[in-house]
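**Student:** Residues per chain are reported as follows:
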Amino acid sequence: MMALILTVTILPPIVIGLLITRTFLPLNRPAAAAWLLNLSLGAGLGIGVLSLLFFLVRLLVGPSNLVYGIAEILAIAAATTGCWLFRDKALSGADPRPFGGWQWLLLGATVVCLVLAEAQFLDSSAASPYGNWDAWSIWNLRAKLLAQPDGSWKNAFSPLLNQLAGGGATHGDYPLLLSGFIARCWSLTGSIGDVTVPIAVAGLFALATVGLLIGGLAVLRGWTTGLTAGLILLGTRDSCAIAIGNSQTYRWAFSILPRLFCSSSSTHPGEQGGWRL
Amino acid sequence: MAARVRYPLRTVVALSVSAILSLYGAMQFYGEQRQQNQIQPDPYKLIDQERRFAPVREIVPANALVGYVSDLATDPTLLLTAQYALAPRLVVKSPTSDWVIGNFARPQDFAAYARAHGLTLVKEFPDGVILFRKSK
Chain A
201 MMALILTVTI LPPIVIGLLI TRTFLPLNRP AAAAWLLNLS LGAGLGIGVL SLLFFLVRLL
261 VGPSNLVYGI AEILAIAAAT TGCWLFRDKA LSGADPRPFG GWQWLLLGAT VVCLVLAEAQ
321 FLDSSAASPY GNWDAWSIWN LRAKLLAQPD GSWKNAFSPL LNQLAGGGAT HGDYPLLLSG
381 FIARCWSLTG SIGDVTVPIA VAGLFALATV GLLIGGLAVL RGWTTGLTAG LILLGTRDSC
441 AIAIGNSQTY RWAFSILPRL FCSSSSTHPG EQGGWRL
Chain B
49 MAARVRYPLR TVVALSVSAI LSLYGAMQFY GEQRQQNQIQ PDPYKLIDQE RRFAPVREIV
109 PANALVGYVS DLATDPTLLL TAQYALAPRL VVKSPTSDWV IGNFARPQDF AAYARAHGLT
169 LVKEFPDGVI LFRKSK
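Protein sequences appear in the order of chains A and B. So in the working numbering the end of the first sequence lands on 477, straight run, no missing numbers. So in the working numbering the end of the second sequence lands on 184, straight run, no missing numbers.
Looking at chain A on its own, in the form it has when it is part of the complex (with noise of 0.2 angstroms):
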């Protein structure tokens, strides 16, 4: 069952996003900076798209699990499709600096660092399985609404949320990315509930910010910045702080993290052309 729960909550993702990315970025250089950037920034498009086509399809056609996994399929297959047929064959970036010397002590510090983030990340996970206030009391609450397999999926939305603990304290307004995704998990599984989502999405975002970070910066100014930058996050305490407590801060810096790139990468001298997103 842990293995069902996690194959649906990070692969599809994961696919569809870098399908995407592949379709409408350049064949950036470094190669391997690119696929990291790539696959990292894919795994939250492809949260994103999966969350809001699950939103659709309740709000169109109900809670059906049925017509959500076509539409899902369908939505791959259309990805696999437009990057097969419109994927961006230019060359993006100058020649990559070879990866050496003490880069490759950059490197190990930053996978060390690495492993112990995930080594706090799981054993904060198993002591606090819910996560911290909000990643309980507002995506999760809204996700388990969501996910629900019948009429009662509405309830998300009802405005008695927010009187339990004060007006707007369980927030309505707030994007249903985290809640509708985890939401389309939780239903694919026949698992409400279940902390393995929450858990594995949480991850996901951390360990794609981190990517995010590495790959964009290493690509847009080399390796040496992409790492330490890496190292520096992994190494700052509230940054892990956040990932184990599932909160919402990840998707945030997520989200910031392409647009920075997007300018920086418009202005950057020498540069032919911008990322196309």
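A couple of the hints might just be wrong.
Stated by the list, open to error - Simulated crosslink set (DSSO-like; lysine-lysine; CA at most 30 angstroms straight-line):
1) A/Lys289 / B/Lys182
2) A/Lys289 / B/Lys171
3) B/Lys184 / A/Lys289
4) B/Lys184 / B/Lys93
5) B/Lys184 / B/Lys171
As the list claims (entries may be wrong) - One-sided excerpt, in silico: chain B residues whose CB lies under 7 angstroms from chain A:
6) Ser70
7) Phe77
8) Leu126
9) Phe152
Everything labelled a hint here was simulated from the structure, so no lab data went into it. Beta carbons are placed, not taken as given, at the ideal position from N, Cα and C, and that holds for glycine.
Starting from the known structure of chain A, arrange chain B on it as the hints suggest.
**Tutor:** The following block gives chain B in isolation, referenced to the frame of chain A:
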């Protein structure tokens, strides 16, 4: 292939210091977090709330609006954790709904409590969880 670039010494030193500090920070926080997890696991006691309210979920229909009464001061954490544990049932802060759950810290005569509040006692569960219905 571009030639390998040699960075100035101060750049290498600065990056090395950044790497060492990051490693130190990651290791220190790892130890602190493990300790914190042992001292205070599940700070909002949601594992307990899920267990306490599980028998209520088997009786109260999923689409029900559930009132809430308690002998504790109105605490958003208690209300919201009860809401999380009872979802998709919506919890409201008053005893005016058809179904009403009680979240009590101290034992008392719950049948008498029900009569005094226009309710009927349905069932007493362990750990202070009581299920009432609104009297007809």
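**Student:** List, from low to high, the hint numbers that the structure doesn't satisfy.
**Tutor:** 1, 2, 3, 4, 8 and 9
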